[in-house]
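Chemist: Sequence:
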Amino acid sequence: MDALKAEIAKVGRQIDKAESDGNTAVAQGRAEDARRLRRKEEQLQRTEEQLLREEILIALEASGKQYCLKRTVLDPTGTALSTKIKLALSSEAI
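Start counting at 1 in the sequence shown, then tack on 119, and there's your number in my numbering.
Derived by calculation from the structure, the hints in this document are not laboratory data. Check the hints yourself; a few may be wrong.
Simulated restraints, written as ranges between beta carbons of each label pair [claimed, not checked]: (1) G131 with R165: 18 to 26 Å; (2) G131 with R172: 48 to 56 Å; (3) E174 with K136: 36 to 44 Å; (4) K129 with R165: 18 to 26 Å; (5) I177 with G141: 38 to 46 Å; (6) A144 with L176: 46 to 54 Å; (7) Q147 with A122: 47 to 55 Å.
Pairs of lysine-lysine, DSS-like flavour, derived with a Cα cap of 25 Å [stated by the list, open to error]: (8) K129 with K159; (9) K136 with K124; (10) K124 with K159; (11) K159 with K136.
None of the values given here were measured: they were computed from a predicted structure. The beta carbon of each residue, even a glycine, is placed where N, CA and C say it ideally should be.
Please work from the sequences and hints to get the whole structure.
Modeler: Written out as structure tokens, the structure reads:
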């Protein structure tokens, strides 16, 4: 992840240099590269978050404890609906 951030910073500097030199074609090409790298960074971040969630669930399951999941969703009119779901990770149902 650090290497990706360094690459994004490098591309940003290249864009700045190309713009200061008046080379808009290079700046536009590097800007597309920067967008692609940022999308990749976001994807990696989501993957890391998902792995962390799975690790937490495994630890909870191993401990046999309960946990609560809170979700906020929008109904068709755009009103926020909040739901709270209690999940038991043991053999007993709630």
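Chemist: Hint by hint, note whether the structure agrees.
Modeler: So, going through the hints one by one against the coordinates:
1. Taking the beta carbon of each, G131 and R165 are about 22 Å apart, inside 18 to 26 Å as hinted.
2. With their beta carbons about 31 Å apart, G131 and R172 fall outside the hinted range of 48 to 56 Å.
3. In this structure the supplied range 36 to 44 Å holds for E174 paired with K136, their Cβ-Cβ distance being about 42 Å.
4. The hint said 18 to 26 Å for the Cβ distance between K129 and R165, and at roughly 23 Å that hint holds.
5. Here the CB-CB span from I177 to G141 is close to 55 Å, at odds with the stated 38 to 46 Å.
6. Checked against the hint of 46 to 54 Å, the pair A144 and L176 passes, with Cβ atoms roughly 49 Å apart.
7. In this structure the supplied range 47 to 55 Å is violated for Q147 paired with A122, their Cβ-Cβ distance being about 24 Å.
8. Distance hint between K129 and K159 is fulfilled; the C-alpha atoms sit about 15 Å from each other, no more than 25 Å.
9. Only pairs whose Cα atoms come within 25 Å are accepted, and K136 paired with K124 is accepted, the gap being roughly 19 Å.
10. For the hint linking K124 to K159, the alpha-carbon distance of about 10 Å falls within 25 Å, and the restraint holds.
11. This hinted pair checks out: K159 and K136 have alpha carbons roughly 24 Å apart, not beyond 25 Å.
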